[in-house]
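K.L.:
Here's the letter readout for the chains.
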Amino acid sequence: MSKVMVVEDDAALREIYSIRITAEGYEVVTAGDGEEALAVAVEQKPDLILSDVMMPKISGFDMLDILRNTPETANIHVIMMTALSADDQRARGERLGCDRYLVKSQVGIEDVINAIHEVLGDKQGAAPAAPAAPEGVPDATNPAQ
Amino acid sequence: MLDIFNIKKSLNQNQQPAPEAVVPSMQVLQPVQPTQNQLAEVALNNINNGVIMTDAAGVIQFINPAAVTMVDCQAATNAVGLDYSLLVKIETKEGRELSPEENPLIRAMQVNQPLERYNCNLISGNSGKRIPISITMIPAGDGGHKIITFRDITKELAEESEHNEFISTASHEMRTPVATIDGYLSLCLNPQTATIDDRARGYLEAAEKASKHLGNLFQNLLDVTKLDDGRIRPEFVPAEMAGLVKQIFDDHAVKAQEKQLNFVFGVKEPSNPEDHRLEQVLYASIDQNFMREIMDNLIDNAIKYTPAGGSVYVNAVGDNDKVVISVADTGIGINSTDLQHVFQKFYRADNSDTREIGGTGLGLYIVKQRVEAMGGRVWAESTFGEGTTFYVALPRISSEEYQKRMIAVQNAGMINNNKGGTNE
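Residue numbers (the numbering used here), protein chains in the order written: chain E, 1 to 145; chain P, 1001 to 1424.
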């Protein structure tokens, strides 16, 4: 089971991403800012980090730079999420070595999930099987209405 | 004369006198009634708006003190007898130089047609100071005289900017809770993360739709105000337009396919069927992000308003001085009344089709704003019930010019990268 770290300063969004990613069968750890993320990354060794760019203390870009220059964390996959859509910002993220750069206004949570599967190369994983089983659940509750 | 002087003084003290404030001083004047001409002169000499009158050829015959101050020519006598274009020099409100062909004042003067309130910068005298103005031109009387008026709009712009900043901050602040609502709704609706009954699903889907709409609205409001208040400015880079448009076109292919549309890069009715698309190399100097927003909006609209089985054609062609990009659809079309207004903020053609489809009412306004910021023009042609074509015309540059600017951009890029390197 791959381990995904969610780095997001907004507690509600952190919870939303954690629940959704857990549902894909990943183990999820979280951090509320870049500084905490660096500590958790070294301790937990996640396979992938999903991180916001605009965060207090250490920004996502600076965090990425430090991750890449630290031997223990240099190879962790990183997906950056940001409200900054400008091409130069994207170029900066890519230069610093992030695997994906997603603009929040352009992608939904399901796009983020797809990106995680693609980056980790487990596209055929739990995704097709999981929705099939719970889909019966709403139907089962119908007669009770 | 003394009495007129008194009027002058009273006008100076209160530049916009209420009618009742004028009446008492008029009564004082009873013994010597000033003529209408004298009154007109007092008014012209004291208003804050610049007024210039030229003859049919554009030679200045009269200039009022406000205009003297604004164009900074020291005295009216320095101006009278000069061609207006030597004194009334304007550039776009973004600070871009206007060629004589695209200068609305010069065009209006040449064809002797009125120019209605055009917002631009006045380049003042030798100092080159820029004053934001709203300028008009009115052909006057049979003698071919022309009246140019201009008003300093610095204060209005400051107020507008404050207003924009408020909208922009508010939109930004509201986007975060909307994203949270969206996120929790998607958890509710995903069978992997929650269990709900069919009725709840229906309600939550409706809530999700509204929440997405709200999110788009805030995003669009942010996009609009950012350019209005100058927080973003176009960053011009030379680009090959046919390739750029094709690239954006390709990104929409999946969506068009999902809606079962015939999605074509090329002309609607090729005059020569074998020559479906004339391969042209089209260079222009554009802002990449603006181009992306413009094309995304136009192509998204075309896909949205065209029923399954219809067609969407995206094309880029060029003539000597323009690159013309078109997005044509065989959708529901726009009637002629609505067509005049589609580029206005929050204007939405009001019929059941459009209500069903939904949109923020800002997409085409953003398109127009972005196109104009790049010195281009956007327009639409439509037959109701048959389809719509949107055109974007941008100034074309020669391949020599393209090479020259490309080198300049690369050099600037190297400087920036070096700077970045030392900072990190």
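Hints in this document: simulated from the structure, not taken from any laboratory.
Model, not experiment: these values are computed from the prediction.
Where a beta carbon is used, it is the ideal one built from N, C-alpha and C, also for glycine.
Treat the hints with caution; some may be incorrect.
What the hints assert, rightly or not - Here are some of the chain E residues that sit facing chain P, going by a computed Cβ distance under 8 Å: (1) Leu13; (2) Ile16; (3) Ile19; (4) Arg20; (5) Glu27; (6) Ala39; (7) Ser105; (8) Ile109; (9) Ala115.
Claimed, not checked - Keeping only pairs whose Cα atoms sit at most 25 Å apart, straight-line, the calculated DSS-like set for lysine-lysine is: (10) P:Lys1368 with P:Lys1255; (11) E:Lys104 with P:Lys1304; (12) P:Lys1129 with E:Lys104; (13) P:Lys1093 with P:Lys1345; (14) P:Lys1246 with P:Lys1212; (15) P:Lys1093 with P:Lys1368; (16) P:Lys1255 with P:Lys1322; (17) P:Lys1345 with E:Lys123; (18) E:Lys104 with P:Lys1226; (19) E:Lys104 with P:Lys1089; (20) P:Lys1212 with P:Lys1304; (21) E:Lys104 with P:Lys1093; (22) E:Lys57 with E:Lys45; (23) P:Lys1322 with P:Lys1246; (24) P:Lys1093 with P:Lys1226; (25) P:Lys1209 with P:Lys1093; (26) P:Lys1404 with P:Lys1345; (27) P:Lys1226 with P:Lys1368.
K.L.:
So, for every hint listed, does it hold in this structure?
P.N.:
Each hint tested on the structure:
no.	hint	in the structure
1	Leu13	holds (6 Å)
2	Ile16	holds (4 Å)
3	Ile19	holds (5 Å)
4	Arg20	holds (6 Å)
5	Glu27	violated (16 Å)
6	Ala39	violated (22 Å)
7	Ser105	holds (5 Å)
8	Ile109	holds (5 Å)
9	Ala115	violated (15 Å)
10	P:Lys1368 with P:Lys1255	holds (24 Å)
11	E:Lys104 with P:Lys1304	holds (22 Å)
12	P:Lys1129 with E:Lys104	violated (41 Å)
13	P:Lys1093 with P:Lys1345	holds (19 Å)
14	P:Lys1246 with P:Lys1212	violated (28 Å)
15	P:Lys1093 with P:Lys1368	holds (15 Å)
16	P:Lys1255 with P:Lys1322	violated (30 Å)
17	P:Lys1345 with E:Lys123	violated (43 Å)
18	E:Lys104 with P:Lys1226	holds (18 Å)
19	E:Lys104 with P:Lys1089	violated (44 Å)
20	P:Lys1212 with P:Lys1304	holds (16 Å)
21	E:Lys104 with P:Lys1093	violated (32 Å)
22	E:Lys57 with E:Lys45	holds (21 Å)
23	P:Lys1322 with P:Lys1246	holds (18 Å)
24	P:Lys1093 with P:Lys1226	holds (15 Å)
25	P:Lys1209 with P:Lys1093	violated (38 Å)
26	P:Lys1404 with P:Lys1345	violated (38 Å)
27	P:Lys1226 with P:Lys1368	holds (14 Å)
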